[in-house]
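Those sequence lines, one after another, are chains Z, P and W.
Under numbering that gives the first Met the number 0, the first residue of the first sequence carries the number 0, and numbering increases by one thereafter.
Under numbering that gives the first Met the number 0, the first residue of the second sequence carries the number 0, and numbering increases by one thereafter.
Under numbering that gives the first Met the number 0, the first residue of the third sequence carries the number 0, and numbering increases by one thereafter.
There could be a bad hint or two in this list.
Unchecked claim - Coverage of chain Z stretches by chain P, computed from C-beta distances (three or more under 8 Å per stretch; other residues unrestricted):
1) 295-307
2) 665-678
What the hints assert, rightly or not - Derived DSBU-like pairs: lysine-lysine, alpha-carbon spacing no greater than 35 Å straight-line:
3) Z/K303 <-> P/K253
4) Z/K7 <-> Z/K436
5) P/K48 <-> Z/K738
6) P/K1 <-> Z/K436
7) Z/K575 <-> W/K90
8) Z/K11 <-> Z/K575
9) P/K261 <-> Z/K124
10) Z/K11 <-> W/K95
To be verified - Some chain P residues well away from chain Z (every beta-carbon gap over 10 Å; in silico):
11) R16
12) G37
13) P85
14) A200
15) S224
16) T256
Hints listed in this document are in silico derivations from the structure and should not be mistaken for laboratory results.
Using N, Cα and C, we set each Cβ at its ideal position, and we do this for glycine too.
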Amino acid sequence: MAKDEFEKREFKVVGTRVARPDGLDKVTGRARYGADMSAPGMLVGYCLRSPHAHARIKSIDTSEAEAMAGVKAVITRADFTNVPASDGTRDILDNVMANDKALYDGHTVAAVAATSRSAAKAALKAIKVDYEVLPHVTDVDAAMLPGAPELHQGRQQESVPEGFSQNVLARSQYGHGDVDAGFAQADVIIERSFKTAATHQGYIEPHACLATMGNDNQGDLFCCTQGHYMVRNTCADILGMESGRLRVTASEIGGGFGGKTTVFLEPVALMLSKKSGKPVKMTMSRDEVMRASGPTASTSIDIKIGTTRDGVITAATGEFRYQSGCFYAMNGALGAMCGFAPYDLENLKSVGWEVTTNRPKAAAYRAPGAPMAAFAVESVVDEVAKEIGMDPIDFRLKNAADEGTKSAYGPTYPAIGLRATLEAAKAHPHWSAPLGKNQGRGVGCGFWFNFGGDTCVSLMLNPDGTVSLSEGNPDIGGSRASMSMMAAEELGVPYENVRTIVADTASLGQNEVTDGSRVTFAVGLATIKAARHAIEIMKARAAATWGIDAEAVEWVDGAAQPAGPNAGKFPPLTVKEIAATMSNTGGPIAGHFEANAEGAGVSFGTHICDTEVDPETGAVKILRYTVFQDAGKAVHPDYVEGQLQGGAVQGIGWALNEEYIYGEDGTLQNAGYLDYRIPVASDLPMIEPVILEIPNPGHPYGVRGVGETGIVPPLATIANAVSRAAGVRMTSLPMSPPKVLAAIKAN
Amino acid sequence: MKFETPHSVDDAVAILRADPEARVLAGGTDLLVRLRAGHISPSAVVDIKRIPGMRDISQEDGGWRIGAGVSCAEMGEHAGLKAAYPGVVEGAELIGSTQVQGRCTMAGNLCNAGPAGDSVPAMVAAQATARVAGPNGTRDVAVFDIPTAPGQTSLAEGEFITSIFLPAPPAHSSDAYLRFIPRTEMDIAVVGCAVNLTLDAAGTVTSASMSLGAVGPKVKQVDASALVGTICDDAAVEALAAAATAAATPIDDKRGTIAFRKDVSGVLAKRAARIAYIRAKGASS
Amino acid sequence: MSRIHVTTTVNGDAVDYLCEADDTLLDVLRDQLDLTGSKEGCASGDCGACTVELDGRLVCSCLVLGAEAEGRTVETIEGMANGDVLHPLQKNFIEKAALQCGVCTPGILVAAKNLLDHTPDPSEEEVRYWLAGNLCRCTGYDKIIRAVLDTAAEMRGAA
Ligand SMILES: Cc1cc2nc3c(=O)[nH]c(=O)nc-3n(C[C@H](O)[C@H](O)[C@H](O)COP(=O)(O)OP(=O)(O)OC[C@H]3O[C@@H](n4cnc5c(N)ncnc54)[C@H](O)[C@@H]3O)c2cc1C
Ligand code: FES
Ligand code: FES
């Protein structure tokens with residue numbers, strides 16, 4: 000475990016609600032997102048995509064397209080002659096440009112760069128692909144059965160027992176104790192099966208990039224991504240070039256939520272640019288985003304929970320079957336780890352399954368794998384509580400994990416905030432507010448790990464005493480502001496004096512992707528450490544100026560002060576004063592910090608929701624919604640609240656209406672916002688966020704990541720509310736009106 | 000593709016007649032979506048909005064004539080039209096978002112011939128007619144007869160709709176339109192239902208019409224005689240609901256199931272009838 | 000291919016451009032006039048990220064042809080501030096954290112301004128329905144709705 004970094008302190012800047020530095024650009028339309036950049040002589044690139052769910056590519060004839068006016072390059076998989084070094088990157092290459100088979104509706108099979116959209120589109124029509132259509136499978140349960148159409152051979156791991164199709168890639172098991180003995184002690188046992196549909200992150204900005212690549216094997220890429228270092232490393236591996244020869248600059252990013260943690264267009268654009276010798280811009284249409292980026296897994300889950308009459312869970316089991324599209328992704332395992340994580344269980348067996356189907360490869364979506372698992376587990380927890388006549392919050396409090404609990408996935412918890420969120424929920428007026436006819440209230444808990452990872456930060460002191468901070472993670476929702484705040488806090492200077500920029504891959508060392516809720520934690524930690532590094536240098540400069548030992552200098556309120564026996568002998572030297580003379584005291588001053596950050600600190604949340612169900616149509620209305628989450632320390636409370644509100648609303652969409660609908664032919668039926676129904680403003684009430692601050696021991700200010708946990712409880716919370724309002728247990732997501740009405744009528 | 004902006008009905012007819020692959024452009028909220036998605040590739044689009052009269056709402060024989068270029072937002076802002084036909088206007092105003100409202104037209108909704116067009120059931124229940132201009136002059140056609148199947152209309156080559164006419168509403172009459180969608184906005188109707196009622200001075204229904212959207216290949220006219228002679232009491236609206244459910248012939252698709260659509264047809268029939276009745280009772284002659 | 004010459008007014012300035020018949024107004028704004036503040040989130044009228052005013056009415060610029068703008072007036076996000084003075088909505092969106100990623104923000108600001116121009120005292124429900132055609136995936140809309148309502152109150156106070 001990481002060492003204890005947390006120190007209690009009074010904050011001056013952290014915890015206030017300052018204006019973000021990129022705000023002006025973003026309210027005036029000046030900010031440059033992925034599709035907003037152009038280059039002289041630029042071409043536009045488009046992909047040709049498979050109309051089939053599963054097909055062998057017998058041949059591709061591009062000759063006619065190549066000869067067309069305005070067409071400057073046509074590429075297929077044959078142009079990617081380099082074999083990537085890692086297995087993972089080979090899958091990514093197979094995903095961005097199909098190899099011998101198209102594995103899903105929308106899989107790219109060729110691409111064109113041309114001088115105009117119309118020329119490129121005409122060229123796409125002229126490419127002749129000879130497909131042999133193969134049987135396909137999109138449902139997780141069907142895909143597991145022996146005899147199911149199989150996507151790959153020889154990829155099944157040894158963990159998979161006999162009797163399954165080759166689509167089942169892996170099985171993993173977590174837990175402890177003896178579940179049979181535990182169920183034997185139970186007074187009440189409830190067992191249920193659940194299904195959840197695949198959903199999409201739904202970021203409003205489609206993937207886009209501008210690539211410039213020459214035959215000298217040097218390249219520049221501008222793109223919207225959650226991690227430009229990841230883009231650089233992956234593209235370099237795919238193109239067979241040294242990563243240092245490719246510079247990637249992150250554009251402003253119009254949402255990601257995990258969906259922009261891999262590459263789709265970028266290697267294709269680079270290859271088109273290399274072949275044409277011209278800059279190439281590519282942007283996905285919404286249809287392409289839906290069909291061919293990275294949605295979530297769809298799942299099939301069985302949960303069994305046993306309890307005593309007085310509310311102690313004696314045993315629990317879970318089978319978490321996740322299809323993650325056409326390649327391996329660790330999703331079922333994450334579900335199996337997270338589902339039961341809020342509880343202190345004596346006896347647990349939790350099994351995750353990874354299954355391939357003819358769908359696009361799943362990408363992360365805020366706490367990947369966890370929301371569906373929480374939906375299933377928390378639904379049964381709710382039913383068990385109801386069965387024994389206990390208040391659902393009391394039942395959860397009785398079984399809640401605490402510091403010292405052995406977690407569902409193995410490790411023992413340090414200080415955690417689950418109990419605090421449950422107690423806050425119980426004490427909140429929402430929990431005791433009266434309900435009307437056809438209304439129901441639900442509660443649900445959720446867990447996410449949070450990550451740290453590779454992080455670099457550089458902090459430069461400018462001659463006038465202002466500070467420039469370089470970080471390497473795209474700012475997806477106010478993180479530049481948070482970094483400036485933490486640097487200002489640590490240095491003791493005003494927030495306005497610190498300007499944070501997101502550096503390109505050639506200007507700062509390797510940084511992990513903006514994922515795992517890591518940025519405010521890990522980059523924040525690195526920022527504080529970089530500031531401390533700069534402070535050490537400034538103290539040394541002051542000491543030299545005064546002719547005393549550096550150890551005899553302390554840093555107070557943004558200034559070096561003589562301490563100990565020298566206290567009061569010299570007037571303090573401020574950052575501004577030290578900066579003004581730095582050229583004469585030893586040269587420029589900069590602090591930096593590089594580490595693989597540990598100690599991210601797990602995160603818990605509890606949500607409450609009131610719904611009203613129209614018994615004649617099955618329509619569900621969200622009446623009231625309150626989120627309780629432990630943020631460790633909220634650096635910028637507005638942006639923490641925003642994460643909680645945004646996560647909850649994405650969860651509302653997932654619970655009620657969002658779903659990937661595949662037709663009999665395996666093609667996606669609703670590849671657009673019209674029929675992939677994300678919540679609109681008029682669907683919602685205000686979302687009340689309640690931030691709890693249980694300091695994370697792994698961070699100097701106690702910060703925990705908050706970005707992901709907010710999407711974990713909603714599916715269960717809303718299902719519990721709807722089940723109570725409708726008087727019938729809902730076990731399949733989304734709870735769209737036809738399903739709710741059918742359940743009411745069947746009851 | 001060419002872009003044409005005729006300044007008279009005759010010019011528009013001439014262009015459409017000369018080029019059967021040309022498409023009329025009204026608000027473009029269907030046409031441009033399909034154009035950009037590559038579902039259609041017309042040889043020309045003919046913007047009819049610059050033809051005089053296309054953007055006018057005017058009173059005629061006690062009824063209302065609505066030009067084919069009038070946006071649904073403009074209808075919603077027209078107090079007289081709204082008072083005469085609240086159901087027609089609410090159907091038109093349900094189309095799309097604020098942004099779509101600023102462009103979309105009832106004639107475009109009708110000619111797009113989607114089974115779920117929100118403005119169509121109330122027009123049909125109101126016995127509205129469309130004025131069609133073509134190579135042989137103009138003709139008036141019942142709105143019900145314009146769509147023939149999904150995406151298909153009875154308009155002949157060279158023809159287009161210049162206006163929609165809503166006849167003079169009888170005394171003590173009114174209408175209502177309701178649709179069911181999974182969200183509160185931005186969805187295509189899973190079921191749509193319009194009811195148009197006329198009462199006598201005592202409040203007894205003397206004539207009633209109902210039409211349903213999204214439950215068949217085109218808008219359906221459903222027998223609403225169950226309400227006639229009643230004061231829209233529970234038994235009468237239940238009978239109307241049963242008629243709606245029986246008349247609906249929907250399909251299973253991504254937006255709803257057969258069973259759901261049939262059930263909800265009945266639910267909306269009840270609810271729309273009650274609203275129309277209250278409005279008709281309150282409506283001054 | 001022969002292109003269409005269009006003369007129009009964008010953010011108060013007379014402009015002219017050549018466009019193909021199937022170029023949308025959004026294509027023209029972004030690719031020819033370099034006004035990239037209007038975003039393309041869907042090209043099908045569903046997301047509102049491309050919202051502009053055309054002759055004072057809100058439209059999705061992805062559902063207007065570039066050629067249709069002849070002789071009309073177009074207002075985009077780039078014309079919303081008065082020189083270096085932000086519109087109160089712009090100022091409040093920053094101050095009240097009504098944006099996260101910010102890609103929906105231009106469309107929402109243009110739409111909200113149009114609302115406040117003729118409805119100075121909207122209810123929460125009116126704001127929610129007015130903005131239903133502007134998708135935001137980051138914020139859950141809460142802070143956006145509050146910022147619009149607060150701005151309306153502020154502007155009424157100032158008037
Ligand atoms: C985001 C979004 C949401 C939508 N929501 C809804 C909804 O809730 N309910 C609903 O019903 N629809 C909805 N629609 C569809 C569309 O907005 C409506 O059908 C609208 O009424 C079409 O009118 P328009 O004037 O824009 O038609 P256009 O797109 O201009 O034309 C539609 C079709 O009709 C033809 N046409 C147009 N006018 C004439 C004419 N006068 N004579 C002959 N042919 C003509 C055109 O050639 C074209 O084939 C939505 C569309 C979008 C983009
Ligand atoms: S881009 Fe125009 S509405 Fe989405
Ligand atoms: S702030 Fe990201 S979509 Fe609205």
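Q: Below or equal to 35 Å on CA atoms is what counts here, so check Z/K11 against W/K95.
A: holds, 20 Å
For P/A200, which was marked as not at the interface, is the minimum beta-carbon distance to chain Z over 10 Å? holds, 33 Å
May I ask you to check that P/R16 keeps its beta-carbon over 10 Å from the closest beta-carbon of chain Z? Check passes; 27 Å lies beyond 10 Å.
Hint consistency between P/K261 and Z/K124 [alpha-carbon to alpha-carbon, up to 35 Å]: violated, 42 Å
*Within 35 Å, alpha carbon to alpha carbon, are P/K48 and Z/K738?*
Violated - the C-alpha atoms of Z/K738 and P/K48 are around 43 Å apart, more than 35 Å.
Agreement of Z/K7 and Z/K436 with the hint, judged by alpha carbon distance not exceeding 35 Å
Roughly 48 Å separates the two Cα atoms, so the pair is violated.
When you check the alpha-carbon spacing of Z/K11 and Z/K575, does it fall within 35 Å?
Status holds; Cα separation ~19 Å.
Review point. Counting residues of the region 295-307 of chain Z that have a beta-carbon nearer than 8 Å to any beta-carbon of chain P, does the count reach 3?
Key: With 0 residues close enough to chain P, the hint is violated.
**Request:** With a cut-off of 35 Å on the C-alpha distance, tell me whether P/K1 and Z/K436 pass.
**Result:** violated, 58 Å
| CA of Z/K303 to CA of P/K253, is that 35 Å or under? | holds, 32 Å
Are all beta-carbon distances from P/T256 to chain Z longer than 10 Å?
-> The claim breaks: P/T256 does not keep its Cβ more than 10 Å from every Cβ of chain Z (closest is about 5 Å).
| message | Holds or violated: Z/K575 and W/K90, Cα atoms, limit 35 Å. | response | holds, 30 Å
When held up to the earlier numbered hints, the structure conflicts with 1, 4, 5, 6, 9, 12, 16 and fits the remainder.
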